[in-house]
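**Student:** Here the protein sequences come in this chain order: Y and X. Sequential numbering of the first sequence, starting at 2, is according to the working numbering. Sequential numbering of the second sequence, starting at 2, is according to the working numbering.
Bear in mind the hints are in silico, worked out from the structure with no lab data behind them. Take the hints with a grain of salt, since some may be wrong.
[To be verified] Taking beta-carbon pairs under 10 Å as the criterion, some of the chain X residues facing chain Y (in silico):
hint, residue
1, Gly44
2, Leu75
3, Glu130
4, Glu182
Where is the CB? At the ideal position from N, CA and C, for every residue including glycine.
Number of protein chains: 2
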Amino acid sequence: MEKTAIVPTRESNYPEWYQQVIVAADLAENSPVRGCMVIKPWGYAIWEQIQQQLDCKLKQTDHVNAYFPLLIPLSLLEKEAAHVDGFAKECAVVTHHRLVATAEGNLIPDGKLEEPLVIRPTSETIIGEMFAKWIKSYRDLPLKINQWANIMRWEMRTRIFLRTSEFLWQEGHTAHANKQEAIDETLQILDIYTNLVEDYLAMPVIKGEKPCFERFPGAVNTYCIEAMMQDKKALQAGTSHFLGQNFSQAAKIQFATKDGGLDYAWTTSWGVTTRLIGSLIMVHSDDNGLVLPPKIAPQQVVIIPIYRNEAEQQQVLDYCAKLNERIMNITFANAQVRSYIDKRDLRGGDKAWQWIKKGVPIRIEIGVRDIANGAVYFGRRDLPPQQKQSLPTDDFVSQLAAILDSMQANLLTKAKAFMQANIFNLENLEQFNQFFNEDQLISKGFASCYAIDDPQIEKFIKPLKVTARCIPLEQDASSGICIFTGKATAKKMIFAKAY
Amino acid sequence: MEKTAIVPTRESNYPEWYQQVIVAADLAENSPVRGCMVIKPWGYAIWEQIQQQLDCKLKQTDHVNAYFPLLIPLSLLEKEAAHVDGFAKECAVVTHHRLVATAEGNLIPDGKLEEPLVIRPTSETIIGEMFAKWIKSYRDLPLKINQWANIMRWEMRTRIFLRTSEFLWQEGHTAHANKQEAIDETLQILDIYTNLVEDYLAMPVIKGEKPCFERFPGAVNTYCIEAMMQDKKALQAGTSHFLGQNFSQAAKIQFATKDGGLDYAWTTSWGVTTRLIGSLIMVHSDDNGLVLPPKIAPQQVVIIPIYRNEAEQQQVLDYCAKLNERIMNITFANAQVRSYIDKRDLRGGDKAWQWIKKGVPIRIEIGVRDIANGAVYFGRRDLPPQQKQSLPTDDFVSQLAAILDSMQANLLTKAKAFMQANIFNLENLEQFNQFFNEDQLISKGFASCYAIDDPQIEKFIKPLKVTARCIPLEQDASSGICIFTGKATAKKMIFAKAY
């Protein structure tokens with residue numbers, strides 16, 4: 002068996018493999034604060050790439066960024082009943098505003114607040130309160146605001162990137178003069194998320210609507226994109242909520258209509274989080290570590306100078322600097338290629354392995370022989386580590402963008418084939434029970450079944466530790482019988498074990 | 002007297018003028034959460050410009066971004082004694098991790114934490130804890146990390162942007178193998194801040210060191226840049242701290258030295274905050290509202306289409322679109338000009354005034370006559386609103402970058418002249434008392450005096466509600482007598498009433 006950089010492998014222990022990929026790529030780690038992670042530079046650089054792409058798309062569609070308070074008064078949170086029910090169990094609560102030392106010299110909380118404040122678990126309530134002040138007339142609509150922020154939801158069982166008490170996200174909040182416009186916004190955002198996740202993270206997703214019992218607390222409809230990890234479990238990669246007039250009635254977001262009436266605004270909210278990094282790891286990485294799609298890689302090319310003495314060192318470094326310049330002048334995905342010379346005082350082989358584990362798409366090793374040959378000796382992250390190739394420098398430079406393009410496309414194609422091969426049409430409850438029951442720990446894939454959108458089906462799926470992921474927006478024209486209730490329905494639903 | 006867009010004027014009531022400029026430019030407002038502001042889109046867009054410039058400079062100097070937890074355990078905060086003393090009085094404390102409903106249906110905090118957590122007032126302690134894990138050998142140094150984050154310091158008297166319980170900032174934290182390298186880092190950052198503030202925000206500053214009694218809690222030396230507002234008060238625009246080995250001893254950040262020993266790392270920390278937006282307002286704005294230096298303006302040009310009927314509308318909008326294209330192809334300050342067509346359904350004059358109050362450098366009004374003349378009719382924010390001019394379109398396009406350049410330069414020159422005219426050399430305590438005592442509310446400027454860096458001088462200045470701003474790094478070769486103690490000293494210190 003081949004030696005792998007990550008121990009254990011995916012096959013032998015997938016959850017532990019996931020943790021070890023994070024360690025090996027130096028992406029993040031647990032902190033001394035229960036359930037909260039530290040996002041290390043390489044992990045944060047991936048988040049910055051995601052932010053940059055998404056922020057640009059949101060601005061192109063006339064959304065503007067703003068910033069709202071971290072702390073939310075209880076009285077605001079309470080205004081929307083379903084909403085507060087959904088979040089009360091996981092709110093970090095601020096009760097005091099200073100510390101004092103006791104006679105023994107211990108610090109204790111002091112200065113009790115009249116009203117406790119919660120750290121935002123999401124910001125619908127505080128933003129709704131501001132929208133109610135800002136929106137007076139139809140002329141103030143639509144109002145399309147986005148916020149990049151940290152969020153706190155107290156979690157009992159945490160896993161880095163996937164489920165942490167604090168995480169980073171963007172949350173969009175918009176208000177519209179009519180229902181259709183708000184629904185259109187909700188779906189436009191779903192498309193933007195799909196484009197971000199498929200075109201940049203190379204992760205295929207199923208676009209769908211959440212069944213009623215999986216909606217965001219307070220929403221009328223929740224739309225989502227669902228991805229399949231390599232262990233065939235599902236992960237929700239983004240959500241977009243049509244909130245109807247629920248939050249605008251709670252916060253009194255009223256406006257004078259064009260024809261002189263008064264109406265409540267129609268609102269939406271939507272978000273993606275640092276969880277995306279967790280799914281990125283789980284969709285593409287292999288037993289040698291992280292695999293990054295070129296478009297989202299913080300460094301797309303790393304150049305490793307190889308030399309045996311000082312005379313060689315100067316020659317090699319000079320050559321690397323020139324090569325780096327040329328590479329950074331190449332355009333890929335509408336930006337200059339991100340290339341970097343790793344000059345650290347370390348063995349070349351050790352460096353190469355570090356960059357493999359960090360998922361860098363192209364690593365180049367340059368020694369005096371390559372210089373003499375006028376060649377570039379390089380490895381691709383999508384090929385085995387030993388399988389390196391040499392190209393004349395001019396050829397390499399002229400082909401690099403195409404190589405990155407094909408690596409990006411291959412990752413998506415491969416993940417898409419994997420997902421499609423692991424979605425199964427199940428015809429009846431017996432098949433369903435068998436599919437999900439055999440082993441609680443191993444997932445065999447997604448099940449696609451006729452099912453009605455009704456809370457009564459939950460009792461069939463909950464005991465299997467399975468969740469209804471979504472009702473895909475794309476459905477064929479056929480119809481059938483709900484496998485749980487026997488009722489006729491035109492829609493299939495996707496079920497899976499999930500993160 | 003001329004009618005002004007902002008009432009009151011700077012002269013009649015400076016603090017209220019400041020608040021009204023913020024309202025008129027729609028930058029930010031108070032929130033339902035005591036002491037916390039909402040940063041509205043135009044205010045946040047200014048922050049994004051500041052972020053982008055500074056982030057780029059930090060990356061160019063080999064700093065990397067990361068993210069650390071929002072919450073800090075009390076036990077960590079307590080490790081550095083001076084540090085916890087400095088922040089204990091203003092910490093928001095999380096004591097519970099959920100909410101439950103009482104029998105009456107009221108929500109109350111529940112799930113008491115074993116150890117209270119504070120919302121970060123700054124992150125030296127939590128980052129130090131992680132550095133202690135990451136740093137083992139001299140090969141791991143220097144470690145140069147930056148974080149963009151929200152910060153909470155409970156304030157009793159708040160003012161938007163200048164002093165709020167929550168604010169946004171960047172905080173840099175670095176560790177080095179020796180003292181000199183850490184000092185060099187501290188001063189390099191001071192230079193980066195100076196460049197950001199002078200070259201982009203067009204605010205002249207005095208670079209200096211804080212006297213010992215004004216240091217950051219736990220620092221060995223604190224360096225700062227001090228700016229003068231139009232009311233001649235001082236505002237600290239950025240700080241950079243040399244922390245010596247204080248925090249590394251508290252957190253046990255130890256490393257194996259090159260020669261086989263074991264040493265504590267030398268650390269630094271430094272930050273600028275959303276306070277910069279407050280100072281930007283107070284340095285440049287006038288009685289018609291915000292004035293933005295072109296380099297930092299979210300929109301540098303706004304085009305206002307003027308038409309009387311539908312036939313004109315189409316013609317004018319088409320022309321504006323083409324003009325906008327041409328303008329966005331112009332390069333200014335190494336980026337494309339940020340230009341925008343304001344198509345809202347509002348009177349042209351109302352739009353123009355809105356953009357004046359928002360501080361946009363160039364506003365263009367385009368009607369059919371301008372199209373017929375092949376001309377651009379425009380106003381500059383640094384000239385009176387009525388004083389508009391017309392230029393042939395080609396001339397306008399070819400001159401725009403130079404116009405923006407000169408506006409940028411003029412703002413700095415004007416602010417520099419103002420600051421220099423309002424720094425006074427005071428020779429003795431009598432002059433000092435007179436200068437600061439006449440009226441507690443009005444500031445006459447900065448006082449420059451010989452003074453020793455000793456806590457005993459505080460008793461002379463505190464009763465006057467004056468603060469020692471800094472010991473300027475640039476000092477002439479002369480020396481003199483401390484006006485407070487009569488001791489000989491080679492250094493002058495800057496004193497001022499301050500924000």
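**Student:** Each hint needs a verdict: does it hold in this structure or not?
**Tutor:** Status of each hint after checking the structure:
1. Gly44: Holds. Min distance 8 Å.
2. Leu75: Holds. Min distance 5 Å.
3. Glu130: OK, holds: glutamate 130 of chain X within 10 Å of chain Y, min 6 Å.
4. Glu182: Not OK, violated: glutamate 182 of chain X not within 10 Å of chain Y, min 17 Å.
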